[in-house]
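S.K.: Residues per chain, in single letters:
There are 2 protein chains.
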Amino acid sequence: MDDNYYMNVALNEARFAYEEGEIPVGAIIVCNNQIIAKSHNQTEKLTDCTAHAEILCLTAAFEFLGAKYLPDATMYVTLEPCVMCAGALYWAQIGKLVYAADDLKRGYSLLKENILHPATEVEKGLLKEESENLIRLFFEKLR
Amino acid sequence: MDDNYYMNVALNEARFAYEEGEIPVGAIIVCNNQIIAKSHNQTEKLTDCTAHAEILCLTAAFEFLGAKYLPDATMYVTLEPCVMCAGALYWAQIGKLVYAADDLKRGYSLLKENILHPATEVEKGLLKEESENLIRLFFEKLR
Numbered sequence: 757m758d759d760n761y762y763m764n765v766a767l768n769e770a771r772f773a774y775e776e777g778e779i780p781v782g783a784i785i786v787c788n789n790q791i792i793a794k795s796h797n798q799t800e801k802l803t804d805c806t807a808h809a810e811i812l813c814l815t816a817a818f819e820f821l822g823a824k825y826l827p828d829a830t831m832y833v834t835l836e837p838c839v840m841c842a843g844a845l846y847w848a849q850i851g852k853l854v855y856a857a858d859d860l861k862r863g864y865s866l867l868k869e870n871i872l873h874p875a876t877e878v879e880k881g882l883l884k885e886e887s888e889n890l891i892r893l894f895f896e897k898l899r
Numbered sequence: 757m758d759d760n761y762y763m764n765v766a767l768n769e770a771r772f773a774y775e776e777g778e779i780p781v782g783a784i785i786v787c788n789n790q791i792i793a794k795s796h797n798q799t800e801k802l803t804d805c806t807a808h809a810e811i812l813c814l815t816a817a818f819e820f821l822g823a824k825y826l827p828d829a830t831m832y833v834t835l836e837p838c839v840m841c842a843g844a845l846y847w848a849q850i851g852k853l854v855y856a857a858d859d860l861k862r863g864y865s866l867l868k869e870n871i872l873h874p875a876t877e878v879e880k881g882l883l884k885e886e887s888e889n890l891i892r893l894f895f896e897k898l899r
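Which chain is which? The protein sequence lines are A and B, in order.
In this text, residue positions in the first sequence follow the working numbering: the first is 757, and each later residue adds one.
In this text, residue positions in the second sequence follow the working numbering: the first is 757, and each later residue adds one.
Careful: at least some of the hints might be erroneous.
One copy or two, it doesn't matter: identical chains are merged, so the pair holds either way.
Straight-line C-alpha distance at most 20 angstroms; calculated SDA-like pairs for lysine to any residue [unchecked claim]:
| hint | residue 1 | residue 2 |
| --- | --- | --- |
| 1 | Lys884 | Thr803 |
| 2 | Lys868 | Thr799 |
| 3 | Lys852 | Glu877 |
| 4 | Lys861 | Thr815 |
| 5 | Lys794 | Tyr825 |
| 6 | Lys824 | Thr799 |
| 7 | Lys897 | Pro874 |
| 8 | Lys824 | Leu802 |
| 9 | Lys824 | Asn889 |
| 10 | Lys868 | Arg892 |
| 11 | Lys801 | Thr815 |
| 12 | Lys861 | Gln849 |
These are calculated hints, taken from the structure and not from any lab test.
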């Protein structure tokens with residue numbers, strides 16, 4: 757079980773979203789080498805623009821652990837979090853964030869300030885192409 | 757029914773939070789002079805740091821309207837939204853945001869960039885003292 761494995765699980769979640777007609781983004785949370793939460797974007801299904809993969813995944817992780825903070829957990833997500841999700845990750849004090857593709861329109865890193873928690877470690881680019889291809893395919897199909 | 761009336765309803769929600777041992781923040785959403793959603797902070801009860809009044813209120817409004825965007829709605833909230841909540845209001849394209857007290861630590865307006873939707877109108881300061889007093893009382897009780 758390494759970063760590559762976990763990001764592939766997140767990509768599988770993104771594929772579920774794709775099959776459901778959702779923008780294909782998937783996220784998982786890992787704590788002590790155990791996947792404690794998995795989710796994918798459900799904004800269409802729930803008619804709720806807060807139902808991003810990351811928010812659903814955080815809520816599931818809090819539920820699982822009975823804890824409000826996740827300093828020892830890592831989130832793997834197939835697309836760079838937006839400002840809302842990065843704000844949620846701040847409150848969660850997530851230990852580490854690993855994301856695949858950059859979100860050049862709404863990614864949190866486009867802001868001048870770092871809105872993640874200062875203790876959160878960040879890695880990006882893992883399986884970036886796989887994630888980008890899935891998103892491209894989704895939007896091509898829409899046209 | 758005016759802004760003052762609606763902010764008082766939001767303050768009542770904040771008082772529910774206070775009674776439940778939650779940081780006292782309340783929010784409501786009004787559309788066509790009808791209150792379509794009311795909520796208060798439930799981060800302790802739900803052990804979920806995304807369960808801010810605004811997020812819960814948005815989810816309830818989406819559910820009520822069966823819509824993902826709220827350009828004709830106004831949110832009244834007793835404390836300035838944090839970055840996460842402002843990010844959610846961006847996605848919702850909320851028509852108007854009215855908040856009472858400033859959040860000098862985690863308010864979204866502390867960022868250099870405006871993260872709300874460009875079409876969102878903002879008013880602040882309405883019943884500011886009432887909201888501040890309630891929050892002060894809450895933290896005094898904690899000590």
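S.K.: Each hint: holds or not?
M.R.: Do the hints match the structure? See the list:
For a Cα distance limit of 20 angstroms, the shortest separation of Lys884 from Thr803 qualifies neither inside one copy, at 28 angstroms, nor across copies, at 33 angstroms. Taking the shortest alpha-carbon separations for Lys868 and Thr799, neither the intra-copy value of 27 angstroms nor the inter-copy value of 28 angstroms comes in at or below 20 angstroms. Taking the shortest Cα distances, Lys852 and Glu877 sit within 20 angstroms of each other inside one copy (5 angstroms), while across copies they are farther apart (35 angstroms). Neither within a single protomer nor between protomers do Lys861 and Thr815 lie at most 20 angstroms apart by alpha-carbon distance, with minima of 25 angstroms and 24 angstroms respectively.
When the C-alpha separation of Lys794 and Tyr825 is checked against a cutoff of 20 angstroms, the pair qualifies only within one copy, where the shortest distance is 17 angstroms, while the shortest distance between copies is 26 angstroms. Proximity of Lys824 and Thr799 under a CA criterion of 20 angstroms is satisfied inter-copy only: 8 angstroms between copies versus 23 angstroms inside one chain copy. Proximity of Lys897 and Pro874 under a CA criterion of 20 angstroms is satisfied in neither setting, with 39 angstroms inside one chain copy and 29 angstroms between copies. Taking the shortest Cα distances, Lys824 and Leu802 sit within 20 angstroms of each other only across copies (9 angstroms), while inside one copy they are farther apart (24 angstroms).
When the C-alpha separation of Lys824 and Asn889 is checked against a cutoff of 20 angstroms, the pair qualifies neither within a copy, at 34 angstroms, nor between copies, at 26 angstroms. Proximity of Lys868 and Arg892 under a CA criterion of 20 angstroms is satisfied in neither setting, with 27 angstroms inside one chain copy and 32 angstroms between copies. In this assembly of identical chains, Lys801 and Thr815 lie within 20 angstroms of each other by CA distance both inside one copy and across copies; the values are 17 angstroms within and 13 angstroms between. Taking the closest pair of Cα atoms, Lys861 and Gln849 come within 20 angstroms of each other only across two copies (16 angstroms); inside a single copy the shortest separation is 24 angstroms, beyond that limit.
Figure legend: structure checked against the earlier numbered hints; hints not met, in rising order: 1, 2, 4, 7, 9, 10.
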